[in-house]
Amino acid sequence: MFNIAGKSYAMNVITPVRWYLAWLNKVIFYAALKIPSTLSGLITLSLIHYARWVIIGRNQFPHMAPEQPREQLKYSYMLFFSNFNGSWDQYVDSFTFSIPGGLDMFWKWNVRYSKSVALTPFHRYIQYNQLETQHYYNAYPLAASNDVKSAKTVKAALIAFDQELRKGTDAEFLARYNTLLRGLQHDMGDMYPTPIVSMAAYQLERRHQRHERQLQELKAAASEGGV
Amino acid sequence: MGSNISGSAYALTILSPIRNGVVPGQEIAFADKVRDTLQNWNLLINSPMTKVPQTYLCRYFVLDDVYTQSLPGGSALDTLIDFLPIVPDSLRKWAMPTEDHLQSRYLVFSCNFHGGPNGDVDGYLQGMWNAISSNIREVWGYCYGFEKVHDAASFATYMKQCQLTASLFFVGSNDEPLPEQLKALYLKQEFARFAVANQGLDAATVRANYLAFSQRVKPTDLNGPTWVPGQYRL
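These protein sequence lines map, in sequence, to chains A and B.
So that you can map any letter, position 141 of the first sequence is 141 in the numbering used here, and since no number is skipped, the others follow by simple counting.
So that you can map any letter, position 209 of the second sequence is 209 in the numbering used here, and since no number is skipped, the others follow by simple counting.
In isolation and in its complexed conformation, chain A is listed as follows (with noise of 0.2 Å):
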């Protein structure tokens, strides 16, 4: 199971949808995306990097060759991809806690939807009908979401206190210097490697003490090259 990489948590959900119900969902996700105050409850989750639901029709599985035979389903089938900071247990709690009529009305007509609340028939349905995954890339592990959105701030911040640094006096440098300080106040803060949060976690240190011998013997063969 390689669910995790670096901070990040990666969830498939698969789900199925009584095909003549499926368009009423479809209804659902389209109103919410013409209308994003729909979307504010998923935004206070500020743990998520990126998700997206995707409905598939019973016959809309992709046919790539005569030889593949067609599918024959009874149901359509509801997607549900997340990339999320922190473990399995945080994520769906805190979807309960913070979206329970919003994760209702997007599984509202998923066959045998348990409803977000209460959490542990919740917990059974996700688990349930959650796929593991077996490849998982972040492109940067060390960071959480917030922050990547934090690091655009401060990115931005530098930048334009930059196009002044050499203007006014030492002290007229030191108290905008200040002024940056405190206007980034929130978006600070060093990134260090996750710490083990699961048995994946686990895996996955036992895989990065793997790579640090695996690079030693590199750079031992390397250097025996040299000599």
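Hints in this document: simulated from the structure, not taken from any laboratory.
Be aware that one or more of the hints could be misleading.
With a straight-line Cα cutoff of 35 Å, these simulated DSBU-like cross-link-like pairs (lysine-lysine) come out [unchecked claim]: (1) Lys-74(A) with Lys-148(B); (2) Lys-148(B) with Lys-219(A); (3) Lys-218(B) with Lys-167(A); (4) Lys-160(B) with Lys-34(A); (5) Lys-33(B) with Lys-148(B); (6) Lys-26(A) with Lys-160(B); (7) Lys-26(A) with Lys-148(B); (8) Lys-160(B) with Lys-219(A).
Once you've looked at the hints, dock chain B against the given chain A.
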């Protein structure tokens, strides 16, 4: 209805059907071979996807089948039908989830990348082919229809035939080009350290140190110094 584009971020969802049957000369199904290859990527120093420009996050997995939960659901109708003794068996069975199975197993590739406001999926897929075509062949080589792929353009065409449209794509992060994001993360890390190291110093020293810092980190230079894609060590 639905869109793969949110701002400048693009949600690419690919389901590629994997051939039924076993790899000739090996007692392993094509789908399991794909799974095995993907898992072996985890043993490399870093993912092959580090070489694919503009990739934020992506995942691969093999969809063996679809699953239907038969636990009681939360809707009023489900609950009534499950628990009312007067409901005839035929109606009860009608309301129970039916068993459903796929005819093929699918390679699922879900990717978030910077595609610009118009969602340049062709450019991304061609860049992917140009960067890691041997890795692509390792996994997609067992999929139906992949025999038509022989270059970047045909790979993009094939992938778009396997593509599904997102009903809703939510970007909770940043949709700038990846080099901008990596540079920003590098600057945030370095500036946090600079701020701590220069607390309480006199104005002239802070200014001199900041000038040296700015020259070292080059805030507007995306070529470096910066973080590299997939960097998991400091």
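So, going through the hints one by one against the coordinates:
{"no.": "1", "hint": "Lys-74(A) with Lys-148(B)", "result": "holds (31 Å)"}
{"no.": "2", "hint": "Lys-148(B) with Lys-219(A)", "result": "violated (41 Å)"}
{"no.": "3", "hint": "Lys-218(B) with Lys-167(A)", "result": "holds (19 Å)"}
{"no.": "4", "hint": "Lys-160(B) with Lys-34(A)", "result": "holds (25 Å)"}
{"no.": "5", "hint": "Lys-33(B) with Lys-148(B)", "result": "holds (20 Å)"}
{"no.": "6", "hint": "Lys-26(A) with Lys-160(B)", "result": "holds (21 Å)"}
{"no.": "7", "hint": "Lys-26(A) with Lys-148(B)", "result": "holds (33 Å)"}
{"no.": "8", "hint": "Lys-160(B) with Lys-219(A)", "result": "violated (42 Å)"}
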